[in-house]
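Protein chains in written order, with this note's numbering: chain S, 1 to 384; chain D, 1 to 533; chain B, 1 to 192.
No lab work stands behind these hints: they were computed from the structure. Be aware that one or more of the hints could be misleading.
The calculated lysine-lysine pairs, modelled on DSSO-like cross-linking and capped at a C-alpha distance of 30 angstroms, are [as the list claims (entries may be wrong)]:
{"#": "1", "chain 1": "S", "residue 1": "261", "chain 2": "B", "residue 2": "105"}
{"#": "2", "chain 1": "D", "residue 1": "200", "chain 2": "S", "residue 2": "91"}
{"#": "3", "chain 1": "D", "residue 1": "200", "chain 2": "D", "residue 2": "533"}
Next come the chains, spelled out residue by residue.
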Amino acid sequence: MNLLTKMFVTIVTMFITLPTLAQSLESEGRSDLNLRSGVTDISSQVYDLHMLMFMVCVGIAVVVFGVMFISMFLHRKSRGAKPANFHESVKVEIAWTVVPFIILILMAFPAAKTLIAMEDTSEADMTVLVTGSQWKWHYKYMDSDVEFYSTLATQQEQIRNKFAKGENYLLEVDRPLVIPTGQKVRFLITSDDVIHSWWVPDFAIKKDANPGFINEAWTNVNEPGVYRGQCAELCGKDHGFMPIVVIAKTPQEYEEWKAEKIAAIETAKAEENRLLAMNMSMDDLMTSGQKVYLAKCAACHMPNGEGLPGVFPAIKGSAVALKDRTGHIDILLNGRTGTAMQAFSKQLTLSEIAAVITYQRNAWGNNTGDIVQASEVHTYANGK
Amino acid sequence: MSTATDTLHHDEHDEHHHHHIPKGIKRWLLTTNHKDIGTLYLWFSFIMFLTGGAMAMIIRAELFQPGLQIVDPNFFNQMTTVHGLIMVFGAVMPAFTGLANWLIPMMIGAPDMALPRMNNWSFWILPFAFLILLSSLFLEGGGPAFGWTFYAPLSTTYSSDSTALFVFSVHIMGISSIMGAINVIVTIWNMRAPGMTWMKMPMFVWTWLITAFLLIAVMPVLAGVVTMVLTDKYFGTSFFNAAGGGDPVMFQHIFWFFGHPEVYIMILPAFGIISHIIPTFARKPLFGYASMVYATASIALLSFIVWAHHMFTTGMPVAAEMFFMFATMLISVPTGVKVFNWVATMWRGSMTFEVPMLFAIAFVVLFTIGGLSGLMLAITPVDFQYHDTYFVVAHFHYVLVTGAIFSIMAAAYYWLPKWTGVMYDNTLAKWHFWASLVSVNVLFFPMHFVGLAGMPRRIPDYALQFADFNKWISIGGFAFGLSQLIFLALLIKACRKKGEPASAQVWEGAEGLEWEIPSPAPYHTFETPPIIK
Amino acid sequence: MMNQSTSSNQNNKLVVKLVVIVFGMFTFGFALVPLYDVFCDITGINGKTNETAIVYEATDIDRSRLVTIEFITKTTTGMPWAFEAKTKRIQVHPGELNQVEFYVKNPAFRDIVGQAIPSVSPGTAALYLNKTECFCFNNQPLLAGEDALMPMQFYVDPQIPEDVTYFTVQYTLYDVTAAAQKVAEAQAQASE
C-alpha cells in the first residue's frame with residue numbers, strides 16, 4: 001500500500017509537474033522545452049503536426065495508464081481482491097487491434113499531406129549550394145560569384161572556460177548565410193568529406209550532406225530575422241562546433257547586401273593582385289602566418305604543430321614541411337584525397353597561404369629558412 | 001560437427017556417472033552446464049553494464065555544464081561510440097542470452113542446452129571481443145569515434161587506425177550471438193518435454209525463439225557490412241566511396257537492415273519476461289496468450305521493412321518516405337496489443353507489489369512512453385525536426401534502459417531465489433528500485449525537452465539555453481549510476497547465499513516447470529523429462 | 001537416455017540448416033550492394049544516372065513541354081583541376097538530343113587521372129535523364145598543365161512526369177590517379 005502510493009505519486013507528479021513547469025517557463029518567453037513553430041508555412045505545419053501527434057500520444061497514455069493504475073488500486077491483494085480467471089476474449093482482442101489501426105490511419109492523413117507539401121520540387125526563385133566539410137559550411141549563390149565559408153565565431157577561450165560565454169555561445173558564425181524573405185529559396189546540399197546534416201529548426205529543414213551526391217530542400221521565410229541551427233550528423237571531432245546562421249532580410253535589403261558582397265569580392269581581387277606583386281619580409285610572413293595557422297590549422301594540427309598522434313599528423317619535423325616545398329604548396333591549395341586535410345585555395349587568399357606555409361616551415365624548430373611568396377603559390381595554383 | 005558432438009557425448013556421459021561439480025577456475029572455463037554458462041553470461045553483462053555506465057558518467061560529467069572541462073571532443077566521441085557498443089552488444093544482448101541459458105532448459109523440461117560445448121565457446125569468445133574493443137581506446141589516435149552506427153565514410157576513409165580492431169571485435173561479438181541463437185533454436189526445437197506443444201510454451205521461450213531467428217537473420221548482415229567497412233578502409237574497395245562508384249547512403253541502408261531488427265532483438269525477450277512476472281503477481285493467467293505470440297511474430301516480421309525510418313533525412317523519394325512511415329506506424333499495433341494484454345492481465349487480479357512486479361510495472365509505463373515517442377518519430381515530416389536530437393536519445397533510452405534493462409532487472413529479482421536458493425535482501429531491492437526509478441526519469445525525461453528545443457546528439461558542448469536541463473540530466477545520470485551499486489551489493493549478498501531460504505515455488509502465484517524444481521536449482525535438472533499434461 | 005543418438009542426429013540436421021541460413025544471410029548482406037543499385041534504378045534514390053551509354057532512339061519529341069536542367073560542378077579534396085560547366089543552364093524538350101560541354105584544366109605539375117561522379121536532384125528525375133555519351137563513363141587523364149573540353153550528350157525521356165520541370169545535375173570530380181595506376185599495373189601484369 002505504502003509503496004504503491006509512493007509509486008503512484010511519483011509518476012503522477014512527474015506527469016503533472018513537468019507540463020506545468022513547461023507552461024510557466026514558456027510564459028516567461030523561453031522556448032527551450034518544445035519544438036519551435038518556426039518562421040515558414042511549412043515549419044508551422046510541422047509544428048501543428050507535432051502537437052497533434054503529441055496530444056494523441058498523451059491521450060493514449062492517459063487511457064492506458066489510467067486503466068492500469070485504477071486496476072493497481074482496486075485489484076490489490078491487500079484490499080482483499082480475489083483473482084478472476086478470464087484470460088481470453090477474441091472480441092476485446094479485435095477491438096484493440098482495430099481501434100489503434102483506425103487512429104493510425106487518421107494520423108497518417110495530415111502527416112502525408114505535410115510531407116507532400118515539403119517535397120515540392122517546383123522551380124525556386126534562387127538557389128544556394130550548401131557544402132559541408134570538416135567542420136565548416138560553404139555557401140555558394142548559384143546566380144552570382146558570391147561564395148564563402150562560414151565557420152564558428154565563438155572564441156576558443158569561451159569554449160575552454162577562460163572567458164565568459166556570450167549569448168549565442170556556439171551558435172554564432174563569422175559569415176552567416178543571407179537569404180531574402182518572401183521568396184522560394186532552394187538549397188542544394190552536398191559534402192566534401194564525411195556526411196553532415198544541414199539543420200535550421202526554424203525552417204523545419206534537416207537534410208543530409210552526402211559526399212558525391214546532392215540533396216535538396218527549400219524554404220520560403222515569412223519574417224526577417226536571424227535563425228540559428230547546427231550540424232546534425234556526427235561528422236568527427238568538431239561535430240559540435242559547426243553551427244549554421246541564416247539571416248533573412250527583406251528582398252530590398254538582401255539586394256543591397258548582395259551588391260556590397262559583390263563589390264567586396266572585386267576589392268579583394270584587386271588587393272590580391274596588388275599583394276601578388278609584392279615581396280613580404282620573413283617577419284611579416286611569420287606574423288600573419290601565425291594568425292592564419294591558429295585560426296585554420298590549429299584545430300587539428302594543434303597550436304604547437306604536433307597534431308593528434310594517430311588522427312592528425314604533426315607538421316613539426318614532418319617531411320612535407322622540412323623538404324617537399326611544392327608538395328607543401330600543393331597540399332595547402334588542394335588538400336589531400338582521403339584525409340581530413342581540405343583544400344584551402346578557396347578558404348584563404350594566396351598571400352595568406354604563402355604566409356602560413358612560411359610559418360609552418362619556420363616555426364617550432366622547423367628552421368628551414370624558406371620564404372614562400374604569394375606569387376609562387378599563384379604560379380602553382382594556375383599552372384605554368 | 002560429428003567429432004564435436006562425439007566428445008560432447010563423452011563429457012555428458014562422464015558427468016552423469018560422477019555427478020560432481022569441478023572446482024575453481026577450471027569449472028568456469030570448461031563448463032558446459034547451462035546454469036554455469038548462464039551465470040557467466042549474466043555476470044559478464046553486469047560488468048559490461050558497469051563499464052558502459054562508467055563511460056556514460058564521463059559523457060554526463062562533460063555535459064554537466066557548457067564548455068569543455070574534462071575530455072577533448074575526440075575522446076568524447078570515443079566514449080559515446082564505445083558506450084553504445086558496450087551497452088548493446090556487451091550488456092543487453094549477453095544478459096538476455098544468460099537468461100535464456102538459465103531458463104529455457106528449465107522452462108521446457110530439458111536437461112541442458114542442445115549444444116553444450118558450443119555454448120561454452122559462444123560465451124568465452126565474448127570477453128575477448130570486448131578486451132579488443134576496450135584496448136583500442138589506448139592506441140595512438142584512440143578507439144572508434146564514429147558512433148556505434150559507424151556511418152561511412154567517417155568510419156572508413158576518415159577513421160583512426162583502430163578501426164581494424166573495431167571490425168574484428170564486432171565480428172567476434174556477431175559469431176558469439178549467432179552461436180547462442182543457433183543453440184537456443186535447436187534446444188527449443190528438439191528438446192521440449194513430451195507434451196509441451198508449441199502453444200503451451202512459456203512466453204519467454206516463445207519470444208526468445210523469435211529473437212533467435214532474428215539474430216541468425218541479421219547478425220550475418222552486420223558481419224557483412226563491417227567487412228565492407230574493413231575492405232573499404234584497408235583494401236581499396238569502394239562500397240561506400242562515391243569516387244569509386246559506391247554510395248555512402250548504401251551503408252546506412254545495409255546497416256539499418258541489421259539495425260532495426262536488432263532493436264527488437266533487444267526488446268522481444270523483455271516482452272517475454274514481463275509476460276511471466278505480471279501474471280505471477282496478479283495471480284491470474286496471462287491475458288491473450290495466443291495473441292501475444294502472434295503479436296511477437298508480427299513485430300519481428302515488420303521489423304524487416306521499416307529500416308529506412310532511421311534515414312528520412314538522407315534524401316529519399318516521397319513514395320519511399322511514405323512507405324517507411326506507414327510501415328513504422330503499423331508496428332505500434334502489435335506492440336499496443338502487448339501492452340493492452342498486460343493491463344488486462346492485471347485487471348481484476350489480486351495484485352501484490354514485490355520488487356520484480358515493481359520493475360515490471362515501471363517497464364510497462366516507461367516502455368510505453370518510449371513507444372509513444374517512437375510513434376511520433378515515425379511521422380516523417382516531424383522526424384525531420386526530431387532526427388539526431390536528444391529527443392531520439394530520450395526515445396531509445398526509454399525503450400532500452402527503462403525497457404530492456406528494467407526487464408532484465410525484473411527478471412533477475414524474479415528468478416534470483418531460484419538460482420541462489422535464498423531471497424534477495426528486500427530492503428536493498430526496494431532502495432534499488434526506487435532510486436533507479438526516480439533517477440532514470442530525471443536522467444532521460446528532460447532529454448525530450450532539450451531535444452525538441454534543438455540540441456543535437458553526440459556533441460561534447462552545447463549552447464547556453466540547454467544548460468539548465470543538462471545539469472539535471474547529469475545529476476540524474478550520476479544518481480542512476482550510483483543506484484546500480486546497490487544492485488551490485490544485493491547480488492553479491494545473494495550469491496554468497498545470505499538470506500532467507502526460498503521455497504521451490506518462491507512466489508505464491510508462480511507457474512511453470514522452473515518452479516517445480518527445488519531452490520536453488522540443482523546442478524542437473526530434468527534428466528528425465530517431465531510429462532506435460 | 002535411449003534416444004540420445006537420434007536426438008543429436010536431429011540436432012545436427014537443424015544446426016546444418018541454421019548455419020546455411022547464416023551463410024545465406026551473410027551473402028545476402030553483400031547481395032544488397034547490387035540490389036541497392038537495382039532499387040536506386042527503380043526509385044531514383046540518390047539521383048544515380050546510367051553508368052554506360054544509352055543508345056538514342058528517335059522518339060517523338062514533346063515540343064509542348066520544356067524541362068530546365070541546371071549543371072553544377074565540384075572538385076573534391078586533393079583534386080587541383082579547374083572544372084566548369086560551359087552550359088550552366090539549358091532548357092530542353094523531352095525526347096530531344098542535346099550536347100553540353102565541360103571545361104577541365106590540370107594546373108598541377110603532375111599528371112592526374114580524374115573521375116566525375118554524377119548526381120541528380122530531385123532523385124526521381126535521374127530515371128528520365130538518358131546519357132548517350134558522357135565523360136563520366138570513363139576515367140579522364142590530363143597531363144600536367146593540359147586542358148580539355150569534355151562532352152556529355154543526353155536526352156530527357158518523354159515519359160518524364162509533368163510535374164518535373166526542373167532538375168539539377170552535379171558532377172563531382174575525384175582524383176583517382178592512384179587507383180587508376182593500380183588497375184593499369186594489374187592489367188600489364190595480366191597481359192604478360
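Exercise for review: Quickly compare the C-alpha distance for residue 200/D and residue 533/D to 30 angstroms and report which way the hint goes.
Suggested key: holds, 10 angstroms
Exercise for review: Quickly compare the C-alpha distance for residue 261/S and residue 105/B to 30 angstroms and report which way the hint goes.
Suggested key: holds, 28 angstroms
Point to revise | Straight-line alpha-carbon gap residue 200/D to residue 91/S, limit 30 angstroms | key: Holds, because 22 angstroms separates the two Cα atoms, which is no more than 30 angstroms.
Checked against the numbered hints above, the structure violates none of them.
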